[in-house]
Structures are given as structure tokens and as C-alpha cells.
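> The residues making up each chain are set out below.
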Amino acid sequence: MKNLLHFITSACLCLWVGFNSTDEIKHSLQIIHKGISLTKPVICTLVEVTNDNALPHEFYMDVESVVCGDNQCKIDVVRIYWDELGRFNKLVLPKDVHLEKAEGISFTDKDYNKLNDILKNEDSPLQDVFKDEIVGTVGGEGVDAMSGETILLEKSAYVKGAVWTCYSLWHWVHGDIKQHIKDITGKSYSKQDLRLLLKQKDYQAFAIEQLTKKEGYSKQTAHVILNAIETDPSLLKSSLPYWENAPKSIYAFGSEELLSMLKPTNRMLFLTSILQTQQELSPDFFNQLTPLVSEFTYQEIDIFLNILKEKQMVTNNIIQSLVPLLKAENFIISRRAYYFLEGIDLSKENERKTSNFFEKWKDRL
Amino acid sequence: MTRRNMKRRKFFKKSVKGTLGASMIPLSGFSNPAEKTRTDYNSINTETPFGNTDPKQWHQMGSGKKPRPDRRKTVTYDVAVIGGGAAGMCAAISAARNGSKVVLIQDRPILGGNSSSEIRVHLNGVNHLRNGLPERETGIIEEILLHNRFHNPQDSYPVWDHVLYDFITKEENLDLKLNTTAIRAILSDDGTIKAAYCWQLTTETEFTIEANMFIDCSGDGLLGATAGALYRTGREASSEFNEKYAPNEADGWQMGSTVLLGSKDMGKPMPFEPPHFTLKYDAEKSHKERQLKPFELGFWWVELGSDEDIIGEFEDNKHKLLGYAYGVWDYMKNSGKFPETENYALDWVSSLPGKRESRRFIGDYILSEPDLIGNKQFDDAVAFGGWSLDEHNPGGIENLSEPPSYFHEDFEEPYQIPFRSLYSKNVPNLLFAGRNISQTHIALSSSRIMATCALEGQAVGTAAALCVKKKILPRTLGENHINDLQEQLIRDDAFIPNRPANDNTDLLKSAALIFGSSTSSGDAKLLKDGWSRDYHDKKHHWQSDGLPAHVQVEWEDRVSISKLEIKCDTNVKRNLMLRRDSLENDIYTTKIPKEMLQSLDIEARINGKWVNIKSIDKNKTRLIKFNFDTIETTAIRINLKSTYGAQHAKLFEVRCYS
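Protein chains in written order, with my numbering: chain A, 1 to 365; chain B, 1001 to 1658.
So that you can see chain A by itself, here it is in the shape it has in the complex (with noise of 0.2 Å):
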């Protein structure tokens, strides 16, 4: 209740104050981190502090600096700092605060720097260790006992002698906390503050993500998302949350659009997406995405194939499409033909062409 109050009395003077000034705006979260425990919440209170426009400029929050998995460290209360979006700006130590390695000696500026990049590391090794493989156990057949220190990890995750330091640090700056912290971000966003972010490199995908969580769908939005698609190819992913969801309209927009700029490499995904989708398709979206049949490995075909049975879509222009998949140079993509062929209506002339395959590959089907 304190910590609403406080969150409420914060939000109240922001308003009163009319946006004209940074202030600061006080978030109680519950958060898992991972050297604390893996299935209890901790706690804290994230501090927003807000821009001039009364939007998200950066995130702090006051942390212990470590962890301690043996006892044996000093701790102390350092204060981390986030952009907007979640990313790792500084760490701040109170004046008189020095970081200590084992055996009490300070950290070096050296080891600083060091922590500096270890913590602005998103794909730091620290990331998959639990707490319990940072020190050894030995003990005998009975019950395991801890020991100090051991080192499991490539030197350049840690700071040598503050292993503790470096785990507990780089779990609080890397947690469920940039989660939250894009989501209030988020949240004080409007859909055209999104779809300005959408132009913008390194934002594309938190603006993508939270326009699907405020439903943003226009044809307008559609476009900006396609357009970082298409400079992106790599975006299609997190989009597809975006059009499974979309309004039928827009769905059958972006299907259309997102087909006409396929790469390849996103082609399985993108099968994929339409096969699992409720959302409906038109003739002439299949009339468009036949012609790749002929450029499809085995599991597109396969996939493509699935998705024609299970949505019902067999036209006359996808037959003329498959028939000639019979003699494919690969003869798995030629029987998987013949098998979704032998099963549909066809015309004399395919009926021929399916005999004739079946009389020559009849030992192989």
C-alpha cells in the first residue's frame, strides 16, 4: 500500500506539474532473479524518471550489489540505470562506495571498465549459470557443502575474485525488469509515438511489440511495420504476433505484402504462421504463392501442401502448379506431389500424369 501511495503521489505531482519538468515516478515490481530464487518474486521499486514531455528518459533502480552465495561478501547498495527501453546505461555507487574483490581488495578502474562491458553484454555467459554452479560442491555421499569461489566460467565474464558481484549485477540489469521497463515505456507511448519509433533503428521491434499490445491496427501502421519488415527482414518474427491478431482486413493486407517480399529464409516461418492461423486467406493470395512452389525445398512443399488440405484451397491454378512437381529432380517432392494430387479432382491430362507416375514409382510409394 505504501508503495502505491507513493506511486500515485508521484503520478498526481506529475500531472500537477504539467510536464514541464523531469520528475520521477516510483514503480513497486515483483521480480525474479535468478541468484535469489527461481520461483520467488523479489520486491523493488523501479524509478521512472520522465523527460520534459512527461515520457520514460531513463529507469533506475537501487540494488544490493551482490548475491552472496558463500558469506563472504561485502555488500553494498548500487544504483543501476536503464534507457526507455531497457538497456543497460551506467551503474552508480554512492560516494565512499568502492566494489570489492575477494579478500577485500578495491576494484581497480581496470576491473570497472571490466564490469562496465560485462554488464552491457546481453549475451553475457553469465546469463545460463545458476547460482549453485558459481561455487564448487563437494561434500561427502551424505549431504553436499558449499566451498568458496570456484571457476566455472571464461575469464571474460567476470571480474577475477567478484564473481558474485558480476552474477548478481548483470541478473539484476539483464532480468525481468527490462520487461516491465519496456512496458511502461510502452504504456506512456501513444500508437503515433509508435509508429514514429517504427523508422527508427533499435526500436522497431519494441514499437512492433507494443503496438500489438495496444492493438494498434491500421492500414497506416501496417505499412510502417512492412516497411521495417522489408529493411528487416529479421523483424518478421516478432510481427507475426501483430497480423495473427489483426482485424481480418489488415490481415489479409499484410499476408499479401509480406508474400511479395519474402526472403527465403523466412519462408518457413511464414508457412508456418498461415498454416496455425484462424485468420482466413483469399484465392488470390494462394494464386500468388503457388508460383514459389517450384523454388521450395522438401519441408515447404510439405508445409505449403498441409496448408492447402487443411484451408481447403485447391484451385485450378494450384494444381496446373503442382503437376509439374511430378518430375521434380527430387523424388520425395515428387511423390509428396503425387500423394496431395492423387486425392483432388483433376482433369484428364493430370489424371494421366498421376497414372504415370504411380505406374513408374509404384515399388517406391
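Since the hints were made in silico from the structure, they are not lab data.
Just so you know, even glycine gets a beta-carbon here, dropped at the ideal spot from N, CA and C.
Hints are all accurate, no fakes.
Stretch by stretch, here's where chain B covers chain A in the computed footprint (C-beta under 8 Å, at least three residues):
#1 295-306
#2 357-365
The list that follows gives simulated cross-link-like pairs (lysine-lysine, DSS-like), each with its CA atoms no further than 25 Å apart:
#3 K1280/B to K1337/B
#4 K1525/B to K237/A
#5 K40/A to K1573/B
#6 K219/A to K237/A
#7 K1293/B to K1264/B
#8 K90/A to K187/A
#9 K1509/B to K362/A
#10 K1641/B to K309/A
#11 K1101/B to K1471/B
#12 K263/A to K1525/B
#13 K1609/B to K311/A
#14 K1609/B to K353/A
#15 K40/A to K1594/B
#16 K1614/B to K1641/B
#17 K1268/B to K1337/B
#18 K1425/B to K1376/B
#19 K1509/B to K1563/B
#20 K248/A to K237/A
#21 K1609/B to K1641/B
#22 K360/A to K1609/B
#23 K191/A to K213/A
#24 K1591/B to K40/A
#25 K120/A to K178/A
#26 K1320/B to K1293/B
#27 K237/A to K1539/B
#28 K311/A to K1641/B
#29 K327/A to K1609/B
#30 K309/A to K1609/B
#31 K1293/B to K1268/B
#32 K74/A to K101/A
#33 K237/A to K1641/B
#34 K201/A to K120/A
#35 K360/A to K348/A
#36 K362/A to K1609/B
#37 K348/A to K1609/B
In silico negatives: residues of chain A with every beta carbon more than 12 Å from chain B:
#38 I31
#39 D52
#40 M61
Once you have looked at the hints, place chain B on chain A.
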């Protein structure tokens, strides 16, 4: 006293001499004609106080006029396994599953050896390597541990006993003889063991158990010793095998046995009066590594070994060990230094010390410290270990000033155990697994751990079955057919480090294509690369992106299939053995692994149509086997529906056989 017992007593009182009637005496030579007329059997029968027991038996057995029943039996098997611990159970199961008729002989009323409720040592294995992570054992021992997770979520040791009983007795081709001691070997003229002469305590039965192959997993190795198998005891000199942790001179020291205890919080102050045999514990003189906390589950270092005949001294040592165990508890309760024990009381103290060391048989190869530390790669590797070199101190609890164990060294990766260390050098049809294998004292300090013994057990059980099939002896199997043994072990989900499978009878190898419906990690092609776990930081898996998902295999030509085998993920980086403290953290779990597949089905494409072949709704094993009538197909599809909690399904291997 129950009404039934009262009736029995009444009957004794009035008619104990009158139980023999002429018409009821089949054994003329032992009857007493003089008493014939004194019995009214009709009246006795109406009382029926003795159920189906013929009352004449009482007289006959009591008077000695009827001979003790002749309970001598000769039974014949392909493989006889002595010892019902982790090694023996896995040996018996693997031999049975590989086609042999097997008997498992256990000299106690329960299975499980040191892990049983009588002793309660954790069934440890490669719990953690130097990187802190386990490299957990798979195969039969994992199947047992998973069986426990399904049937014993309460972590009860007495229930564990019966989880094991259930596991062993449900196996076809396997007979279990509990309370049966293999006392001595009966040899053939050629030096092979012809039979094991056994005594079953509870039935007063003498069994002569004949078999082609004998596997001694008893720990102490009495059968092998009576067969004349060569063995060692004590410590080797460091010079003999170039062992840096061995003493300069060989001696007789053998690591001791331990008495564990358990206590519980009674919610109120509990006094403790030590029994008369208590031996005072001198904490002041004790090395600091004799940790007294946590105290709830006892102290593994309450241990006593021997320089001499550790087997012969066992009962005397047990008496002392009980004294020491109570002595430590007395110190905890009554020294005033541990107020946290005030509400605690003992609720279990073992009466059977858990043994670590006695005989070590000599095989064609003696595994030693340099092999372990240097991770020697053996052509005939069949098992692995990785527990630290955990040599307990000479003297045990009678040598308080030294640490209770020297954890000499952890391992960076699992070491291999060769087949040549698992059969006797001089008794041709004797194999062994467990702490009695062919190794030095220092090697034993690591390899004695139960899950490691279990891998050896699976290896020798499989080897014995192959020997029976091929009508050869273990040495010949090792020399000429080691590939067959290794391939069978890997197929049965044993893991041999750095030895991937290469089974030419696996039809998946001839598949034109294998792919997954979605992929979040790995590659479906890796499902036929011969590796059944990720190893050396290399992926050998395919993982779906969410569920449901499927894996599909396509062949260019039709294939005949009647078996499909899948190895799914159970997270070998997490230990799942029963523990007394029910430890739940990132490397120990008491739960069914969330990664394990729960439900799946398989389909085959027959004449162009997908046909459901088999379904499993509640899978309980990592190695999932489907056996079915032979089908002709061009493709199979494995539909993965759910796991026990993981978002994605991970597989390591798929195999198909005709």
C-alpha cells in the same frame, strides 16, 4: 490375545498328544500306533483353529519323527547376478532385456544396496564436474530414478525399497531371490563357475543356482572369492600405477563403513539419554571439516575402516560405529553448544553400516588414478564416472585430526571405464560391477559411487547376455565383439563419453530427410548423429519451437519397420536421485523433469495416407520404445504433444528398426 490365538492355545492344551489318527497318517514309518485311538478328528476339524495346517505336523516336527522338509533345489539360468544394489539391479535388468533368463540373488530383504532404507546413502553419480554441473547417468539407472519420481513423490525411503521391488519384479525373464546368500561357487573342471551354492534364510532352502555367466555385484565379492578369482585389498604403493595420491608404500587400509542417522523436530524440547554403548565424541580434537551442521540427517564421516580384514571385523566395527554415531548425537544434544538441536530427536539410526571398500577383483585391466585424471580413452569403454577423487582418511572417525575425506581432485569431464576391468582375469565366466571391480584404491575413491556402479552393472549385464547369445566368454567378447557391446549399450541409452553410436541396422541412417515442424534450437539432422546428449559444448539435439510439434522422416524407398525408438530430454544437467533432504535447486530436483516428453504418438505414411501407429499418454522414460507389427512405409511422423512442463520438446535421437 486374539480369539484365534486363544483357540490355538486351547487346542494345544487338550490334544497335543492326540493329533495322530490312523486314518490321517500318510507317513507310516513315523507314526505312533499307540495313539491312534485317542483322537477325535471330527471335533478338531470343527474348531479349525489352525487353518490349513495339518495338526499332525506339529507333533511330527516337535517330536522329530518327521524329517525337516528337504528344501534343496537346483535351478538353471543363463545369467546369475549376485547382489541387489544399483549395480546388480542394472546388471540383471539389462541381461534380461537382452534375452537372457536371469536370476538376481540378494542377501537382504530389500533391494537398493547402500541406497536402501536400511542404509540411506544418496544414489550419487556424476553429481557435479569441475564446472559445477552434473553429467547425469542415463540408461537403466535413470529409468529407476524416474520410476521413483512417479511412485514416490513423498521421498520416502521405505517406499523407495518397494519402488525398486516393483521395478525388478515387473521385468520378464528375471527371477528375484531375496534373503538369499550366495555362499560359495561350485567350479567346473575348466575353472568356470558352474553354480552358486546359496542359502535362502527365510525358507530354509538350499539353492544350487546353475548359470552360464555369473556377475558378482555383491560388493564384498564372496562368490568370486570362493571361485578363486584374484583380488586385492588395501592401498597400492604410488609407484605401482604412478598414482600421486597413493601412499609411498602399499598397505592394507580400506575405507570404512558409515552409520547414518536421522532426526526430526518434535516441536518441543526433547531430552536425549545416550545408550550404554555410546562412544564419546571429542569435538575439540576434530578437524574442522567434520562438519556438525546441518545435523538433521547425520554425519557421513561417522566411519570406520580397517587395515586388516574389514569383512571379518564388520560386526565389531558396527558396534563401535553405533557408539560413535550416538556419541556425536550426544555431543549435539548435550554439550550445550547447539541449542538449535533442543527440539530434535532421533527418529532413525541405521543398523547396517554402508560399506565403501573391501575386495577389488583383478581383471585384464586395473583402472587407476592416471586413467581417471588423464581421461584415458579406452577402445573398450563401456561406462563412465566423474565423482571426485574422494578418498576418506585412514582411520576414519578414529583419526579425528585429519579431514574426514581428501577431495583430491574434481574432474573436468567424465572418465571412461573399460570392459577389461569388469571381468575376472582368471575365472573365465565371472563378471563384476560395483565397488569390487578391477581398480586401485585411489580409482575406487571416485568410482565406488552408486550411479557409476550402476553403469558398470548395465555394461556387464548386457555383456553377459551377448556372451550367452554368442556362446563365448567375456574376454572373447571384449576382444572380438566390443563394438556389439558398445552399440547395444548406447542403443539402450547408456552413455559412453566420446563414443557416439554407429548402428548400421538403424534404418534412420538411410532416410532421405528428417525435419522438425518448428525449431527453436539445434537441428533435426542431429537426431541421427549418434549422440544422445549435448556434449563438449556441442549441440546434438533438436528442439521444437512450442508444442505441439512433429518430427518427420522421409525415405526414398519403402522400408519395413517394427520398432521406433526415441531419446527425449530429461535434463542430464540436473540430478534426480532420492535424497534425504529432498533438495530442490538448480542442479537437484525432486520432480519429474519438466523437459521430459509426456504424450506423443507416431504415424506412418502407408500408401500415401498417414496412419496412427501408437500413442503414449503418460510417458515415464527418456528412451521411448514403440514396438508394433511390421509396417511398410515411406515416412514416419512423431507427433509431440506435451512435456511435463517445458514449453518446447527436445529430442536427442530417433531410431527405426525392422
